[in-house]
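K.L.:
Same order as they appear, the protein sequences are chains X, W, V and D. When we follow the numbering used here, the leftmost residue of the first sequence carries the number 1, and every step to the right adds one. When we follow the numbering used here, the leftmost residue of the second sequence carries the number 523, and every step to the right adds one. When we follow the numbering used here, the leftmost residue of the third sequence carries the number 778, and every step to the right adds one. When we follow the numbering used here, the leftmost residue of the fourth sequence carries the number 930, and every step to the right adds one.
It should be emphasised that the hints constitute simulated quantities derived from the structure, not laboratory data. Mixed in with the good hints, there may be bad ones.
SDA-like mimics (lysine to any residue), calculated; alpha carbons at most 20 Å apart, straight line [unchecked claim]:
no., chain 1, residue 1, chain 2, residue 2
1, V, K808, W, G535
2, D, K1136, X, G413
3, X, K65, W, Q729
4, V, K813, W, F746
5, V, K813, W, L767
6, X, K65, W, Q566
7, X, K111, W, L767
8, X, K365, V, K813
9, X, K65, W, R720
10, V, K808, X, K65
11, D, K958, D, L968
12, V, K808, W, M523
13, V, K813, W, H743
14, X, K65, W, V531
15, X, K111, X, R26
16, X, K65, W, E738
17, X, K65, W, Y563
18, V, K813, X, N167
19, D, K1292, D, A1387
20, X, K65, W, Q570
21, V, K808, W, R524
22, V, K808, W, L528
23, X, K304, V, N923
24, D, K1136, X, A505
25, X, K365, V, L921
26, V, K808, W, I529
27, V, K813, V, D915
28, X, K111, V, N922
29, X, K65, W, L528
30, X, K304, V, N922
31, X, K65, W, L717
32, X, K65, W, H743
33, X, K65, W, L767
Pulled a few chain W residues facing chain X out of the computed Cβ check, cut under 8 Å [said to hold, decoys possible]:
no., residue
34, G535
35, L537
36, F545
37, F548
38, G549
39, P554
40, Y585
Just so you know, these numbers come straight off a predicted model, no measurement behind them. Here a beta-carbon is modelled for each residue, glycine too, at the ideal position from N, C-alpha and C.
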Amino acid sequence: MTEHFPVFIVLIPFFGALLCGLLGMRWPRVCPGIALAGMGLAVVVAAAILQRVAEVGEWSYFVGKWEQPRGIGIELRVDGINALVLSAVAVVGWLVAVFSPGRLGRDEESKPTQFYILFLLLMTGLFGITVTGDAFNLYVMIEISALTGYALLAMGPHSRARLATFNYLIMGTIGASFYLLGVGYLYLHTGMLNMAGIHTVLAANPASSVALVAFTLIMVGLWLKMALFPLGGWLPNVYTYGPPLAAAAAAPLVTKVTVYVMVRMMVTVFGWKWVFGGGGWNEAVVWLAVVAILAGALMALAAKDLKRMLCCLILSEVGYMVGGAWLANRWGMTGAIYHILGDAFMTLTLFLAAGVLAGRAAIFKLERFEGMFRRQPWVMAAFAVGALGMIGLPPTCGFFSKWFLIRGGLEAGHYGYVGALIVSSLINAVLFFRIFEIAVFGSKPGKHGYDGPQVVVEPDGVKAKGGDLLALYGAAAMVVVVGLGSGWISGVIQRALEVNGVPLAAPAVLAPAVDETPTNDH
Amino acid sequence: MRAFGLIIVLLTGGLLLWGVRDFPLFGAADSPANGGVVTAYYLQHTMQDARVPNAVTTVLADYRSYDTMFETAVIFTAGIAIFAILRVFDDRGGRRLRKSQDAPVKGDQYRIIVGTTSRLLIAPIQLFALYVLVHGHHSPGGGFQGGVIIGASFLLLAVARNLQTSLDRFPERRFLAMGAGGVLIYAGTGLLCMLLGRNFLDYGALQAVLPATGPEMARSHGIFAVEIGVAVTVSASMFAVYAMLASRGRLKDGL
Amino acid sequence: MPTPFQILLHNFNYVCYVVLLMIGLHAMITKRNLIKKLIGMSVFSTAIILFYVSIGVNNGGDMLAGHDGRPVGNIPVLEHGIGHDAITHPETIDPRRYANPLPHVLMLTAIVVGVATLGVALAITQRVFQDYGTLEEDEILAQLNNPQENDD
Amino acid sequence: MPETVDSLSPLFAWLVSLALVPVLLVLRKRPNLRDGASLVAGVVKLALVISLVPLVTAGKVVVVTLAEVLPGLPIQFRVDGLGLLFALVASGLWIVTTLYAMGYMRGLDEHSQTRFYSFFAVSLSATLGVAFAGNLLTLYLFYELLSLSTWPLVTHHGDAEGRSGGRTYLAYLLGSSIGLALPALIFCYMRSGGNMDFTTTGFLAGKVSVVEGTVVLLMFTYGFAKAGLMPLHSWLPAAMVAPTPVSALLHAVAVVKVGVFCVIRVFTGVFGIEFLRGIPGAQIVAALAGITIVVSSLIALSQDNLKRRLAFSTIGQLSYIIMGVALLSDNGTVGSIMHIATHAFGKITLFFCAGAIYVATGKKYVSQMGGLGRRMPWTMGAFLVASLSIIGLPPGGGAWSKWYLLLGTLDAGAWWLAAALVASTLLNIGYLLPVAVSAFFGKAAEGDDGVGGEAPLACVIPLCLTALMTLVWFVFPGLLKTLASLMT
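Extracted from the complex, chain X is given alone in its bound form:
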């Protein structure tokens, strides 16, 4: 049974959603159970895939057994990179499933069944994106996760959520359509839809404007969907006004998986030599990322309420990943992929904590953190772990991703990027310690010996219950576990990148684009 795992992981949430669709109308209570069991099973399967891929290195599964000639059927390919992303998505999904029952009643008006169907379909889309080895199938999965994202975010009680989701829908459709166009151009140029197939044909005759236009279209489309700074205007409103549960499900995953898609396009489909063979215009992209990092950090500094601040931090983190990926050396790419995992858990921790603290309110002014360490000590402790991750202090994964990214930056000699990373870490420190100060000592400075405000009865952020705390502490624990496991994780990533021909340092002079190292189609 185990050889079906690559497709099995996508089918688990898919069948879960369908079961909820059938049974949910009559027995709404069955849906949380299906979601929890489904995501739990998904975590186990993802771990098994990761464990096997760490040994074998790469695992292809042909749906419908159409193997020869390559490109007829749809191939699901799992290697070191997407096995890790798969596990991260599965664990985040499970934690949100654990978090949802307690939180659901008030936020999603009165349609819990529809929430679970959409949530499981969102997970199906994300697993599908991560696992697929076919460029067009990737578009279909992007659309599934996008549609469910729009619905989940538009379901909320706040009227502004729907306007924000409308803009998100427009921008998301433009992004997905650009990606679709890019795949069309690639199909026109190579006659193949299978990623490995495109790679072999592209490696044979790289110099053509059609491939260049295809690459530009795909990149612009993906940057739009992952909210890279100039194109990310839609993100802050959507996740601020959207219902907290939907934001906790979508924020940590959707942007990160899109970054994974960009990495997959650069490494597997177009190939490292093709992307970085040409002139130095990858430097320009890293400078774009630098702008994204700094702009995100400054917008977060200016934000007055918690969720908008966290959204601006997401924009900044996307800048980390895009910058790391485009540094044209293996360390930068390792940092980018590692940051996908780390940042998913950090963002999840912060958004879960924001969900618990803010309750139904969309706007959670920073002053309302008054004495929060006393009112909700457990929630604030988990929030602190996420915050330390964002600042990048050692035991957490945030430190190690900065560790790889700065090393990549130094090796590429891109000091602007290294500087941006450091400045944004400092700004993060200011942001979060500003909150800690208010949370411990209250917003108005008291007299000598002032011990923080007296305990204020919870306005409407309900005291954290069992499910919330379990999810919160799972996420916070994962932030540290991914940090301590950075050696093993970066090992897996490095081996996967090596197989895909990612050089250690940016080759000063590139060998002419001869058919490069034996590609990995066995």
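Chain X is fixed; fit chains W, V and D onto it per the hints.
P.N.:
Quick look at chains W, V and D alone, frame taken from chain X:
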């Protein structure tokens, strides 16, 4: 804002036009896409592999059936999404019409003509839809087209009479269940192939279940089963979308 | 080498698709009315479908008619006459005589996705209209800036 | 390479104070039991550290690995002479400071003492973590942990002044560590090819060019801003808003010494003395230290608030240690390492006295302290003894360390650094002795209502003990000398 939009449009347009320069000539038979190995295999092996002359149906439901399964999931998602966004359960506002009586609607005098023609047309439409669904193997058609026509027949009823009459024949609980059921038929067939030992959605495995059929004919029947699943979901979702949008989510006094 | 103008003339389909695409994109970005944005989105999706389908067009190279006199480049459904030998030795079928089936399959998906996105967008537009009473983005933003109805 | 011994005692020593935190939280309703637990933990910690002394003095290095994080770069403890000396000083003084804090906190009836003691314990374990750190990554990890765990202590009072002090404290420390130390750390990781364990010859020796070496050395020296080198020193006076036990242990012993300890580690463990002779980096640092010594002593002269005066004195004394190492001579290194211990005991006594005066009479300013000696003989006596040690006059232990420092400057031939050393010693006399002299022989300042006798016993005993220890170091410098010379 307008100037900014214009600049972006001209920029992208220029880039795309510059890309057209290297395109293979329109309609060229030896272009990488048309002359490629993949296309040749599809056209040459559609009969050999699946006994289905219509190459599009074979590619749609067999070679790339994983894609089509999630395409059906997209339609199901659309139905659920619109239900989640619009559906309102409280009964304030909107009066519930008498059960399938003709409501006194303005422009009543045309009611007879529209009512009778629609009553005459709906049955043939649904019959034709089943033909389109079944005949997908041999002529352009298949699950999506058949499903949409069935959905359209219910829409015709809703437009000709009122939403309540078509809701009586296709109530909310049923079209939600059918939405999920259709995709379950599709994915269930694929799962059955997996349980029978072959890869997911490899219909050759169905020969063990179907009496006296070789692997190729099993593939053809597999395609047909999948098309039915698609038709079920598409019809249910199309009608659900219309019902939700027309009645602003109250499913009562709609368009 | 054919001059660029000849190429553009011959690839006229692709030029149309670019123009349509740009009309859709322009509408989506600059139009202030929500429904007009959606119309732009539909034009945008249709343009992509035009592009994909025009990839698959196959006029059989210089062959006007197949070796058995029947027209080339028609719909990718094998005629009845050649049923049996297509099964035993498939190479007799000349792919140049049929249109490329793959883009048509892909565009079935793109159409479905377009419908689904449009449906969800219309649902959201309806809820926006219920909440703000208008579909003009400027008026909605005006209502948001002087918040008589707060959002908390 | 000294042969390594695997034993878990460094791990237990590090864990003791961490394990204390839950105990404190449980006992928060019963202050006596809670403070008793702190004392017991302190004694156990000191005992565990002392158990390492025979091993290390025999030239062995005790190793224990906490977590295998990056290939070739685990979170690992490697206890050697320098680390052990600093650990001894820190854990020894922790017991004394806990005793003193009980007296001080009860004397002033401070609020939320449990939070105070638990963060105190966490910062101690972080200090021990830095002392035992085996490679640059572990060092950086515990360095950051120390900054975080001491922030709530600095802002303990929670009033506007406390919070702004905390903000400056964090801005300097986090800003410099993330801004300067982190890139330098990663640059070393890049150049060292993965293994960053501290070796006696330095793991970067020869692997880095002259310019890079100098730049990285300066980045580390200023990255570890806890060493208080000018111009990154003003967080120290700002942190004086903290309650006195915090100022005493952290800003005389734990925090500042961690900064200097890291600088010594960078000099000896990362680059190695021989390699540094080849590049100008060390001379620049020595010059900067010299300037800091003189300037801070001058500023201390002008400060009326006793704690701020002691703060600037600490900045000066720290630069002694940096200068000692930067001289790259054996005597200099031995002198600077010994100075860690002697200055710790001397300065902690002075801070204790400042706290005792504040508890007993509420006076903060030196000008008000005329004639206090007659009413507080023990406190002012200890102040006098400790001042001698800080200045470096014979009965005080500081004499030895300053003696070796002076020898070091002469060995290195940096005569103007020797001049700076002598000048600052005179300035030390200038700002320390008048306080003691006016206390015993001066007349009471006007407006002094002569109320309040000696400070509570729990304050006086610790400060007398530490004053006694400064004399012990003068009589038996043997332990310090052996541990220090292990490093050369």
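K.L.:
It remains to establish, for every hint, whether it holds in the given structure.
P.N.:
Cross-check of the supplied hints:
Between V:K808 and W:G535 the alpha-carbon distance is near 18 Å, which keeps this suggested pair within the 20 Å criterion. Note on D:K1136 and X:G413: the hinted pairing holds, with a Cα-Cα distance of about 18 Å set against a maximum of 20 Å. As the CA atoms of X:K65 and W:Q729 are separated by approximately 15 Å, the hinted pair is consistent with the 20 Å bound. Distance restraint check for V:K813 and W:F746: the Cα-Cα separation of roughly 40 Å exceeds the 20 Å cut-off, and the hinted pair is therefore not satisfied.
Simply put, V:K813 and W:L767 have alpha-carbon atoms about 18 Å apart, close enough for the 20 Å limit, and the pair holds. For the proposed pair X:K65 and W:Q566, the alpha carbon gap of about 18 Å is at most 20 Å, so the pair holds. A C-alpha spacing of about 18 Å is found between X:K111 and W:L767, which places the hinted pair at or below 20 Å, so the restraint holds. Proximity of X:K365 to V:K813 is assessed by CA-CA distance (about 36 Å); at most 20 Å being required, the pair is judged violated.
Distance restraint check for X:K65 and W:R720: the Cα-Cα separation of roughly 8 Å lies within the 20 Å cut-off, and the hinted pair is therefore satisfied. A C-alpha spacing of about 48 Å is found between V:K808 and X:K65, which places the hinted pair above 20 Å, so the restraint is violated. Distance restraint check for D:K958 and D:L968: the Cα-Cα separation of roughly 17 Å lies within the 20 Å cut-off, and the hinted pair is therefore satisfied. Note on V:K808 and W:M523: the hinted pairing holds, with a Cα-Cα distance of about 9 Å set against a maximum of 20 Å.
Of the supplied pair hints, the one linking V:K813 and W:H743 is violated, its CA atoms being roughly 44 Å apart against a limit of 20 Å. At roughly 43 Å between alpha-carbon atoms, X:K65 and W:V531 are farther apart than 20 Å, so this suggested pair is violated. This hinted pair checks out: X:K111 and X:R26 have alpha carbons roughly 12 Å apart, not beyond 20 Å. About 14 Å separates the Cα atoms of X:K65 and W:E738, which keeps this hinted pair within 20 Å; it holds.
Taken as a hint, the X:K65 and W:Y563 pair is honoured in the structure, with Cα atoms around 15 Å apart against an allowance of 20 Å. Of the supplied pair hints, the one linking V:K813 and X:N167 holds, its CA atoms being roughly 13 Å apart against a limit of 20 Å. With a CA separation close to 19 Å, the supplied pair D:K1292 and D:A1387 stays within the 20 Å bound. Note on X:K65 and W:Q570: the hinted pairing holds, with a Cα-Cα distance of about 16 Å set against a maximum of 20 Å.
Distance check on the hinted pair: V:K808 and W:R524 sit about 8 Å apart at the alpha-carbon level, within 20 Å; holds. For the hint pairing V:K808 with W:L528, the CA-to-CA distance comes to about 11 Å; that is within 20 Å, so the pair holds. Annotation: proposed proximity of X:K304 to V:N923 holds, straight-line Cα distance about 18 Å (limit 20 Å). Proximity of D:K1136 to X:A505 is assessed by CA-CA distance (about 18 Å); at most 20 Å being required, the pair is judged to hold.
Of the supplied pair hints, the one linking X:K365 and V:L921 holds, its CA atoms being roughly 18 Å apart against a limit of 20 Å. Taken as a hint, the V:K808 and W:I529 pair is honoured in the structure, with Cα atoms around 15 Å apart against an allowance of 20 Å. Taking the CA atoms of V:K813 and V:D915, the gap is near 14 Å; set against the 20 Å cutoff, the hint holds. For the proposed pair X:K111 and V:N922, the alpha carbon gap of about 31 Å is over 20 Å, so the pair is violated.
Note on X:K65 and W:L528: the hinted pairing is violated, with a Cα-Cα distance of about 48 Å set against a maximum of 20 Å. Distance check on the hinted pair: X:K304 and V:N922 sit about 16 Å apart at the alpha-carbon level, within 20 Å; holds. With a C-alpha separation of about 14 Å, the suggested pair X:K65 and W:L717 falls inside the 20 Å cut-off, and the hint holds. Between X:K65 and W:H743, the direct Cα distance comes to roughly 17 Å. Compliance with the 20 Å bound is thereby established for this hinted pair.
Restraint check: the Cα-Cα separation between X:K65 and W:L767 comes to about 42 Å, which exceeds 20 Å; the hinted pair is violated. Restraint check, W:G535 versus chain X: the minimum CB separation of about 12 Å is more than 8 Å; hint violated. This hint holds: W:L537 has a C-beta 6 Å from the nearest C-beta of chain X, less than the 8 Å allowed. Proximity of W:F545 to chain X holds as hinted, the smallest CB-CB distance being about 7 Å (cut-off 8 Å).
For W:F548, the interface hint is violated, the least distance from its beta-carbon to any beta-carbon of chain X being 11 Å, above 8 Å. Hint status for W:G549 relative to chain X: violated, with the closest Cβ pair at about 13 Å, above 8 Å. Evaluation of the W:P554 hint against chain X yields a held restraint, the C-beta minimum of about 4 Å falling below 8 Å. Proximity of W:Y585 to chain X holds as hinted, the smallest CB-CB distance being about 5 Å (cut-off 8 Å).
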